[in-house]
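S.K.: Once you've looked at the hints, dock chain B against the given chain A.
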Amino acid sequence: MVEAVQVQLKKGVLELCVLALLSRGDAYAYDIASRLAKGIGMGEGTIYPLMRRMQTDGLVETYLVESTSGPPRKYYKLTDRGCESFSSQKSEWADFSAAVNDILGGAQ
Amino acid sequence: MTRQAFLDRLRAGLRGLPTSAINDIVADYQAHFAEGVAAGRTEAEIAAALGEPDRVIRELRAEAGLKRWEEERNPSAAANAVLAVLGLGAIDVLVLLPILLPIAGVLFGLLVAAAACLGVGAVFFAAGPFFVHGAPVAAIILAGLGLISTGTCIGCLSSAASIAFVNGLVWYGRLHITILKPALQPKEIVA
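Going line by line, the protein sequences match chains A and B. If you count by our numbering, then the first sequence holds residues 1 to 108, one letter each, in order. If you count by our numbering, then the second sequence holds residues 1 to 191, one letter each, in order.
Isolated chain B, as found in the complex:
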């Protein structure tokens, strides 16, 4: 593979990352080729020693995904980090799915329950006295408040649990990050 082919594949594979990050990464590999050629190696030799661009891309994307999750804790960053880690093949999806899916399902269920408690509580609190008859107004309003605080509580607890869950996945993925693999299998077949 030539320098240009390697860099083109790298750039194409990194599409979607911030432009500055892509330029930075591509510049690193450009410099690597320049140094290698200056040291008397051919472009094909250098590309072969670098390994498959696809593997390099997976590692770089995973690193960028994990970094984003560390910087911003939101659902899209979480999804990104989890996908990046899965993309590494670091986590055996088939083995982990039976464990991951129920946990994710329970967390999602709790979030929905929290939202429902909040909604019903708000309705009771605001409009309960008008459509519920035969109970003291104070009791209905208090019941509404109770539902709202239950919803908030469940919501907070399950958000905390979700963050811990993604952090755990990321930690596990980092342990397995494929930086190791080339050390174990230095002679990778290069197309």
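Next up, chain A with everything else stripped away, as it sits in the complex:
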């Protein structure tokens, strides 16, 4: 069970990062992928399955924007459900990381 919790936690963090990026503004997949790859070392290819899953779950939706260079870009934006999910996941993360930091701080 511990392993399952760990796995869920990490998976949740990736999703949380995408939700956070999108909460600051709509973005297209390449942009999200390169920012996450730089930030937390996430493989760029994994963003697409993740975005599809989030779309299936109704957390994000897409729209096309004409691009000056090349074909139109597919932008992702948070749905209302995505916004709710972001704020609840964010506070869960804050509580959790504060608790972990507490324990780490006390164990020097």
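Derived by calculation from the structure, the hints in this document are not laboratory data. As the structure is a prediction and not an experimental result, all values here were calculated from the model. We put the beta carbon where it would ideally sit given N, CA and C, even for glycine. Careful, some of the hints might be misleading.
[To be verified] Computed list of lysine to any residue pairs in SDA-like fashion (alpha-carbon distance at most 25 Å, straight line):
| hint | chain 1 | residue 1 | chain 2 | residue 2 |
| --- | --- | --- | --- | --- |
| 1 | A | K38 | B | T2 |
| 2 | A | K38 | A | K77 |
| 3 | B | K67 | B | V170 |
| 4 | B | K67 | A | F86 |
| 5 | A | K77 | B | Q30 |
| 6 | A | K90 | A | Y28 |
| 7 | B | K67 | A | G58 |
| 8 | A | K77 | B | A38 |
| 9 | A | K77 | A | V13 |
| 10 | B | K67 | B | A12 |
| 11 | A | K38 | B | D54 |
| 12 | A | K77 | A | R35 |
| 13 | A | K77 | B | T2 |
| 14 | A | K38 | B | A49 |
| 15 | B | K67 | A | D57 |
| 16 | A | K77 | B | A31 |
| 17 | A | K74 | B | A31 |
| 18 | A | K77 | A | K90 |
| 19 | B | K67 | B | A34 |
| 20 | B | K67 | A | C17 |
| 21 | B | K67 | B | A27 |
| 22 | A | K74 | B | G51 |
[Unchecked claim] Covered stretches of chain A, as calculated for chain B (at least 3 residues, CB under 8 Å):
| hint | region |
| --- | --- |
| 23 | 52-59 |
| 24 | 76-82 |
[What the hints assert, rightly or not] From the structure, some residues in chain A lie toward chain B, with a derived Cβ separation under 10 Å:
| hint | residue |
| --- | --- |
| 25 | Y28 |
| 26 | G45 |
| 27 | T46 |
| 28 | P49 |
M.R.: For chain B alone, kept in the frame of chain A given last:
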């Protein structure tokens, strides 16, 4: 690997999914290559950063399989979802087989028992009075009805249990979906 090689492998690996889904997915990766090249990277660099097409394919197929199971609850969708999850390597088959097989076996046995009860019950109900002698006709017909309802009951309960069983597997598989792995092992060796 070049853009074309990556996209070809992707398209070949996704064969069998709905055409619209394949086109959608391939278009995503095509756009990714176009953006990358515009940003000054080479096709080989972009392909390397994307990771193995096979892993990407497994994840996308699993996602499509799980989505189908959520939309239509039937045995073929269930088989698809379970295979997709197993294909991810998310569930250690060797560890889980001793648990999964007996459960699946019991569920299958119950379904067969349900079908048998239904069949025998129907025969008793319809034809029992003609070939069973020495018992009141009403008792034979009631016995037939009893068997039919027992069969229905077992069938319903075991179907519900089967759905719960597949849902459980899917839930477990989703926990382990390999979206995580690249985060843990960013430097995957690319052929």
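S.K.: Each hint needs a verdict: does it hold in this structure or not?
M.R.: We went through each hint and held it up to the structure:
no., hint, result
1, K38/A to T2/B, "holds, 23 Å"
2, K38/A to K77/A, "holds, 21 Å"
3, K67/B to V170/B, "holds, 10 Å"
4, K67/B to F86/A, "holds, 22 Å"
5, K77/A to Q30/B, "holds, 21 Å"
6, K90/A to Y28/A, "holds, 22 Å"
7, K67/B to G58/A, "holds, 12 Å"
8, K77/A to A38/B, "holds, 23 Å"
9, K77/A to V13/A, "holds, 18 Å"
10, K67/B to A12/B, "holds, 21 Å"
11, K38/A to D54/B, "holds, 23 Å"
12, K77/A to R35/A, "holds, 16 Å"
13, K77/A to T2/B, "violated, 31 Å"
14, K38/A to A49/B, "holds, 11 Å"
15, K67/B to D57/A, "holds, 10 Å"
16, K77/A to A31/B, "holds, 18 Å"
17, K74/A to A31/B, "holds, 9 Å"
18, K77/A to K90/A, "holds, 18 Å"
19, K67/B to A34/B, "violated, 29 Å"
20, K67/B to C17/A, "holds, 23 Å"
21, K67/B to A27/B, "holds, 20 Å"
22, K74/A to G51/B, "holds, 22 Å"
23, 52-59, "holds (count 3)"
24, 76-82, "violated (count 0)"
25, Y28, "holds, 8 Å"
26, G45, "holds, 4 Å"
27, T46, "holds, 5 Å"
28, P49, "holds, 4 Å"
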